[in-house]
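Enquirer: Single-letter residue listing:
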Amino acid sequence: MEPLPGAAPPQPSEEGLSRYLAGTFFLLPAIVLLGIWLLYPTVYTVVRSFFGQSGYLGSWVGIDNYRTLFTTSTLVTAIKNNAIWVGVVPAFVTALGLIFAVLTERVRWAVAFKTVVFLPMAISAFATGVTWRFMYLQDPSQGAVNALGRSVHEAFSSPGVLSNALPSTTSLQNHGGALVLKTPLHPGGVAILGLTGIAPQDMPSGAKQAVKPAPKSGDVEGVVWRDFKPGGGKPGVVEQGEQGIPGVTVELRDSSGKVVQTTKTDADGSFDFSGVAAGTYNTGIGASTFAKPFGGYSWLGPKLITPALLIAYIWIWAGFAMVVIAAGLSAMPRDVLEAARTDGATELQVFRRVTVPLLAPVLSVVFITMIINVLKVFDIVIALAPDSVQSNANVIALAMWRTAFSGNNDFGAGSAIAVFLFLLVIPVLALNIQRFRREV
Amino acid sequence: MAAAAETVRIPAPRDTTAARIVRALAKTPLQLLLAGIGLLWLVPTIGLFVTSILPASFISTSGWWKLFAHPSLATFSNYSALFHTAGLTGALKTTAYIAVGNTLIVVVVGALAGYAFAWLDFPGRDWLFVCVIGLLVVPLQMALIPMFRLYNTFGIGGTTLSVILFHAAFGLPFAVFLLRNFFVGIPKDILESARIDGASEIWIFLRLILPLGLPAIASLAIFQFLWTWNDLIVSLTFSVTTMNVFIFDQLRQFTQSIDVIAPATFISLIVPLAVFFAFQRYFVQGLLAGSVK
Numbered sequence: 045m046e047p048l049p050g051a052a053p054p055q056p057s058e059e060g061l062s063r064y065l066a067g068t069f070f071l072l073p074a075i076v077l078l079g080i081w082l083l084y085p086t087v088y089t090v091v092r093s094f095f096g097q098s099g100y101l102g103s104w105v106g107i108d109n110y111r112t113l114f115t116t117s118t119l120v121t122a123i124k125n126n127a128i129w130v131g132v133v134p135a136f137v138t139a140l141g142l143i144f145a146v147l148t149e150r151v152r153w154a155v156a157f158k159t160v161v162f163l164p165m166a167i168s169a170f171a172t173g174v175t176w177r178f179m180y181l182q183d184p185s186q187g188a189v190n191a192l193g194r195s196v197h198e199a200f201s202s203p204g205v206l207s208n209a210l211p212s213t214t215s216l217q218n219h220g221g222a223l224v225l226k227t228p229l230h231p232g233g234v235a236i237l238g239l240t241g242i243a244p245q246d247m248p249s250g251a252k253q254a255v256k257p258a259p260k261s262g263d264v265e266g267v268v269w270r271d272f273k274p275g276g277g278k279p280g281v282v283e284q285g286e287q288g289i290p291g292v293t294v295e296l297r298d299s300s301g302k303v304v305q306t307t308k309t310d311a312d313g314s315f316d317f318s319g320v321a322a323g324t325y326n327t328g329i330g331a332s333t334f335a336k337p338f339g340g341y342s343w344l345g346p347k348l349i350t351p352a353l354l355i356a357y358i359w360i361w362a363g364f365a366m367v368v369i370a371a372g373l374s375a376m377p378r379d380v381l382e383a384a385r386t387d388g389a390t391e392l393q394v395f396r397r398v399t400v401p402l403l404a405p406v407l408s409v410v411f412i413t414m415i416i417n418v419l420k421v422f423d424i425v426i427a428l429a430p431d432s433v434q435s436n437a438n439v440i441a442l443a444m445w446r447t448a449f450s451g452n453n454d455f456g457a458g459s460a461i462a463v464f465l466f467l468l469v470i471p472v473l474a475l476n477i478q479r480f481r482r483e484v
Numbered sequence: 003m004a005a006a007a008e009t010v011r012i013p014a015p016r017d018t019t020a021a022r023i024v025r026a027l028a029k030t031p032l033q034l035l036l037a038g039i040g041l042l043w044l045v046p047t048i049g050l051f052v053t054s055i056l057p058a059s060f061i062s063t064s065g066w067w068k069l070f071a072h073p074s075l076a077t078f079s080n081y082s083a084l085f086h087t088a089g090l091t092g093a094l095k096t097t098a099y100i101a102v103g104n105t106l107i108v109v110v111v112g113a114l115a116g117y118a119f120a121w122l123d124f125p126g127r128d129w130l131f132v133c134v135i136g137l138l139v140v141p142l143q144m145a146l147i148p149m150f151r152l153y154n155t156f157g158i159g160g161t162t163l164s165v166i167l168f169h170a171a172f173g174l175p176f177a178v179f180l181l182r183n184f185f186v187g188i189p190k191d192i193l194e195s196a197r198i199d200g201a202s203e204i205w206i207f208l209r210l211i212l213p214l215g216l217p218a219i220a221s222l223a224i225f226q227f228l229w230t231w232n233d234l235i236v237s238l239t240f241s242v243t244t245m246n247v248f249i250f251d252q253l254r255q256f257t258q259s260i261d262v263i264a265p266a267t268f269i270s271l272i273v274p275l276a277v278f279f280a281f282q283r284y285f286v287q288g289l290l291a292g293s294v295k
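These protein sequence lines are chains R and S, in that order.
In terms of our numbering, the first sequence opens at residue 45 and continues consecutively.
In terms of our numbering, the second sequence opens at residue 3 and continues consecutively.
Everything labelled a hint here was simulated from the structure, so no lab data went into it.
A virtual CB, placed ideally from N, CA and C, is assigned to each residue, including glycine.
One or more hints might be untrue.
To be verified - Taking lysine-lysine and the DSS-like style, the derived pairs with C-alpha atoms no more than 27 Å apart in a straight line are: (1) K158/R with K29/S; (2) K302/R with K226/R; (3) K29/S with K336/R; (4) K124/R with K420/R.
Claimed, not checked - Simulated restraints on C-beta separations: (5) G220/R with W67/S: 31 to 39 Å; (6) E391/R with E194/S: 51 to 59 Å; (7) P405/R with W67/S: 40 to 48 Å; (8) S185/R with Q255/S: 17 to 25 Å; (9) D123/S with E391/R: 49 to 57 Å.
All chains should be built: construct the whole structure from the sequences, respecting the hints.
Expert: Here it is, written out as structure tokens:
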């Protein structure tokens with residue numbers, strides 16, 4: 045491009061004038077649109093940001109609106125969150141795009157894979173937000189993400205037989221999740237471990253009438269049972285109509301609290317530790333019996349909402365990075381790669397030492413584009429974050445909208461946030477435009 | 003001699019079935035990994051679709067994947083009910099008007115300006131071009147407050163036209179950038195000979211530039227269409243009920259109705275998906291032109 049410093053005035057000749065007119069004719073519509081919808085608003089918003097809340101301009105407040113920006117907690121949260129977005133998303137998107145682009149080069153169905161990963165790019169960020177809102181529902185039987193979490197969780201630790209059970213008398217006390225009988229027993233003793241708070245449908249199948257075993261020398265025996273029957277019953281006493289709880293893990297602890305034996309209860313709730321050496325022992329029900337089933341993470345709650353948003357956003361943009369990087373990859377000189385392989389470089393070395401450096405310009409394009417996108421992120425946040433956590437999920441563009449519209453109607457502070465966003469975007473986009481000027 | 007030559011000859015590697023199986027097996031972990039990733043990218047959209055064809059009573063207590071255990075539950079009644087919901091057809095129409103209308107404006111105005119910047123010689127042209135490209139930095143948030151005020155002053159707040167013009171203006175810098183760069187690449191001889199033959203600039207624009215620039219124009223049109231079909235913030239600010247605003251209103255209601263939100267969201271995304279599949283080539287071209295070039 046050749047800038048024309050002190051451009052020559054239009055030639056007074058007929059040809060010069062007609063060219064000038066032609067230029068005006070072709071450019072006028074664009075200039076009108078850009079002038080009214082971009083230039084005028086930009087100037088107005090900058091000016092407006094120094095004035096108060098309401099009215100045509102409101103009253104002059106100087107830089108107060110900008111001060112609010114850094115002192116109001118929801119706005120500070122927005123800035124912090126946006127910093128997290130900038131720190132996480134461009135790096136992840138670029139890395140995923142690079143990995144996908146390199147891996148798909150090795151399979152025959154690369155086109156199908158690319159199409160699938162690229163699909164979210166065509167869908168609106170808003171619709172994606174709504175889609176992921178269903179994915180993130182907390183109840184594992186409704187939200188797919190937590191359903192997956194539950195199957196992983198249950199593969200490692202299954203929920204206990206009785207997640208909600210409580211001791212029926214105060215003779216049992218909580219010991220790090222386990223329920224342990226307070227009174228120590230000697231061999232020949234019988235432990236009475238009564239539980240309540242068990243709904244009938246939660247009783248393990250095969251339960252029979254509870255039986256209190258007779259004492260036996262050298263053994264510690266006992267019973268775990270549902271210490272409740274219709275009408276109530278007497279707490280702490282095994283009665284007719286009360287069922288034993290089968291399959292409960294019972295622990296025998298020595299005087300130092302160490303578990304020396306474990307066993308499981310029978311159908312009538314009875315258990316038996318045989319061959320117990322002399323001494324005092326505490327008997328208890330193992331903590332695993334009371335393990336709660338996986339209840340799901342609160343992805344849409346205040347703590348996890350930002351990570352949840354980041355995941356959904358990376359899901360959208362990975363395809364973009366992959367397509368742009370794959371285009372760069374296919375334009376790369378193949379002989380350089382082949383030469384490196386011939387010289388005995390491993391695939392990983394080729395990737396790190398040759399592919400990535402050669403792709404650096406493309407990678408930086410993706411990275412910079414993602415910074416700009418992330419600074420302006422709005423739709424997905426308003427779609428995915430429920431109203432109640434939008435203050436926690438806040439980002440700059442959303443803060444601007446919520447301040448200026450959405451009932452608050454503070455045009456002064458809203459303008460200041462818009463200008464702040466503008467100032468953040470300028471240096472990043474200037475990089476892109478500079479690159480463009482170099483290339484022309 | 004002949005025998006010696008025979009022993010030295012290296013047997014040509016034969017592509018036996020066994021060799022092919024070995025090679026395929028070596029790639030199996032990679033294939034599985036990529037298939038898993040692909041599935042991960044498909045599940046949310048499939049989930050949305052399945053949710054949209056399940057009865058509300060079922061989906062409010064169970065996960066959509068249970069459909070595969072009870073396929074008979076699938077029903078399109080949510081969709082037929084949706085089209086009787088007040089405002090849906092209107093929202094769909096409004097979205098279409100906005101997306102098509104502003105795309106037409108951007109293409110025409112952008113092509114005119116792109117041609118001027120590429121092939122007309124007038125003082126200050128290159129500086130003006132840099133200024134237009136410079137406007138790419140203006141985030142649309144900068145214009146929401148002033149245009150909201152201005153629209154209300156002129157009484158066009160809440161009209162489809164107000165959103166169309168807003169989108170058109172904000173699409174222009176990229177349009178001018180894309181089309182100017184493409185038009186510059188059109189061989190100069192074609193234009194020069196037409197000019198020598200006495201053709202007017204308008205004739206050249208309509209008969210030469212537009213047909214030759216069709217690939218770039220198609221990319222631009224697809225982009226602009228998708229971008230504005232998918233918009234939320236502009237139509238929300240100017241209170242124009244597009245599909246996304248319609249869904250947003252449902253989402254904000256105290257008792258959210260999944261049986262309305264899921265099918266409405268699916269309808270709103272099936273249009274861009276169809277456009278994407280129909281014009282995939284142009285879409286990717288435009289993407290690369292916009293980011294790499």
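Enquirer: Hints first: check each against the structure and report whether it holds.
Expert: These are the hints, each one checked on the structure:
Taking the CA atoms of K158/R and K29/S, the gap is about 18 Å. The hint holds against a cut of 27 Å. Restraint check for K302/R and K226/R: the C-alpha separation of about 15 Å stays at or below 27 Å, so the hint holds. For the suggested pair K29/S and K336/R, the alpha carbons sit about 42 Å apart, so the restraint of at most 27 Å is broken. A threshold of 27 Å between alpha carbons decides the hint, and for K124/R with K420/R the separation of about 14 Å falls inside it, so the pair holds.
Taking 31 to 39 Å as the suggested C-beta distance range, the pair G220/R and W67/S conforms, at roughly 37 Å. At about 52 Å, the CB distance of E391/R to E194/S agrees with the hint of 51 to 59 Å. At about 43 Å, the CB distance of P405/R to W67/S agrees with the hint of 40 to 48 Å. S185/R and Q255/S have their C-beta atoms about 24 Å apart, which keeps the hinted 17 to 25 Å range intact.
The hint said 49 to 57 Å for the Cβ distance between D123/S and E391/R, and at roughly 53 Å that hint holds.
Of the numbered hints stated above, the single one contradicted by the structure is hint 3.
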